Amino acid sequence: MQVTSPSFLLSNDPTSKMQTYSVPANVVLENLQRRRIANSQARKLQGRLQEAYKLIQEQKSL
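Converting from the sequence shown to my numbering requires adding 66 to each position, the first position being numbered 1.
Hints are supplied without guarantee of correctness; some may be wrong.
Unchecked claim - Computed spacing ranges between beta-carbons, pair by pair:
1) Ser88 x Arg114: 38 to 44 Å
2) Ala91 x Ser127: 53 to 59 Å
3) Lys126 x Ser106: 41 to 47 Å
4) Val89 x Leu121: 44 to 50 Å
5) Val94 x Gln125: 44 to 50 Å
6) Asn97 x Lys126: 38 to 44 Å
7) Glu96 x Ala118: 31 to 37 Å
8) Val94 x Leu115: 28 to 34 Å
9) Asn92 x Leu128: 50 to 56 Å
10) Asn97 x Gln125: 50 to 56 Å
11) Leu121 x Asn92: 42 to 48 Å
These are calculated hints, taken from the structure and not from any lab test. Only a predicted model underlies this, so the values are computations on that prediction, with no experimental measurement involved. Cβ atoms here follow ideal geometry from the backbone N, Cα and C, with glycine treated the same way.
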């Protein structure tokens, strides 16, 4: 299913003339979903690392 979305402004330099690129909406959604999954994985990993760090600190204090 190909859904076309409005054009998105893609430019790092605000002073440059903004160029519009037409990006299909499904591509935009896919990228957002990938980022969301990556963020949740990163949060889980960060939690595990914090747990491990606490355990290491406890071992050192013994």
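Quiz prompt | Violations among the numbered hints, reported as their numbers in ascending order | solution = Hints 3, 10 contradicted; others consistent.
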